[in-house]
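Protein chains: 2
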Amino acid sequence: MKLTNLNDLFLHELKDIYHAEKQITKALPAMIKAASSEQLKTAFQDHLEMTERQIDRLERVFELLGQKVSGEKCMAMEGIIKECESMMKEKADADVMDAALIGCAQRVEHYEIAAYGTVCTYAKQLGLNDALDLLHTTLEEEKQTDMLLTSLAESTINVRAR
Amino acid sequence: MKLTNLNDLFLHELKDIYHAEKQITKALPAMIKAASSEQLKTAFQDHLEMTERQIDRLERVFELLGQKVSGEKCMAMEGIIKECESMMKEKADADVMDAALIGCAQRVEHYEIAAYGTVCTYAKQLGLNDALDLLHTTLEEEKQTDMLLTSLAESTINVRAR
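One line per chain: the protein sequences are A and B, in this order. Mapping of the first sequence onto my numbering: position 55 corresponds to residue 55, and the numbering continues sequentially without gaps. Mapping of the second sequence onto my numbering: position 59 corresponds to residue 1059, and the numbering continues sequentially without gaps.
I should point out that these hints are in silico values taken from the structure, not numbers from a laboratory. Computed from a prediction, not measured in an experiment: that's the story for all the values here. Beta carbons are placed, not taken as given, at the ideal position from N, Cα and C, and that holds for glycine. Be a bit skeptical, because a hint or two may be false.
According to the in silico footprint, chain B covers these stretches of chain A (three or more CB under 8 Å from chain B) [said to hold, decoys possible]: (1) 2-12; (2) 48-58; (3) 69-79; (4) 155-162.
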């Protein structure tokens, strides 16, 4: 199907993000298991639950647009998760692995910040305010998760890894 | 080689970013070609030149650490670029493709913001101030590029795509 306007592109991007989020829910359990720090395990567990709510929000956006819920293979998130899996296979001291896992998770977060930032701009420019509200809520959550991970790294995890 | 401390992880991450940057220099020419807007072509061209300077900076960081310059396959950037290539193969009106290319480029930028943000934190915590200066300069450039792309999308490109 040809992408003839911003509406088409908006839908295309939503499908990409939907697939990305689904991949994240499958990747997080292994990251929770690989983490040693209880704080980090909890942060990943909380993010898994948050991701489920973000998927619900995306489903509501599809509904608002009168479109069926569907994903389109997100090769970028596939690559980010592959890199994360490869990191988890490295031989590393537990504290160093925790620091590495934060690096992986922040790459995931920043992909989402870029992707949600993009669809928020589209929704705004298309005057789709209800969709914008939902997407913007998630964008803010992703930014907060990224900041939480930075603070965890700086205050505790990286210090232990040093 | 086992990752036993933050120094090991720092080097590991630098190799990942080095490979990511190299991939970006290979991907940008196709994006310049795929763009229709002269402003966007120029932005991508400028970023290509900036990326070359960022690679030089990374090489200086390896030198400061007394390590040979080397990359380690960055599967995440590979995925992000694959997604971008797949987008360029979509049938799309020229204005819509321009908007889509900005979305792709911002995913690249955000990967770099996450990756450079991570190594800046490591360099700071390891007291490697000369390396930190170099990496921080690049981090700021990536953030500025991301903001430039947002502004280009909001002011011109997405408006035409609508």
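How the hints compare with the structure:
no.	hint	result
1	2-12	holds (count 8)
2	48-58	violated (count 0)
3	69-79	holds (count 6)
4	155-162	holds (count 4)
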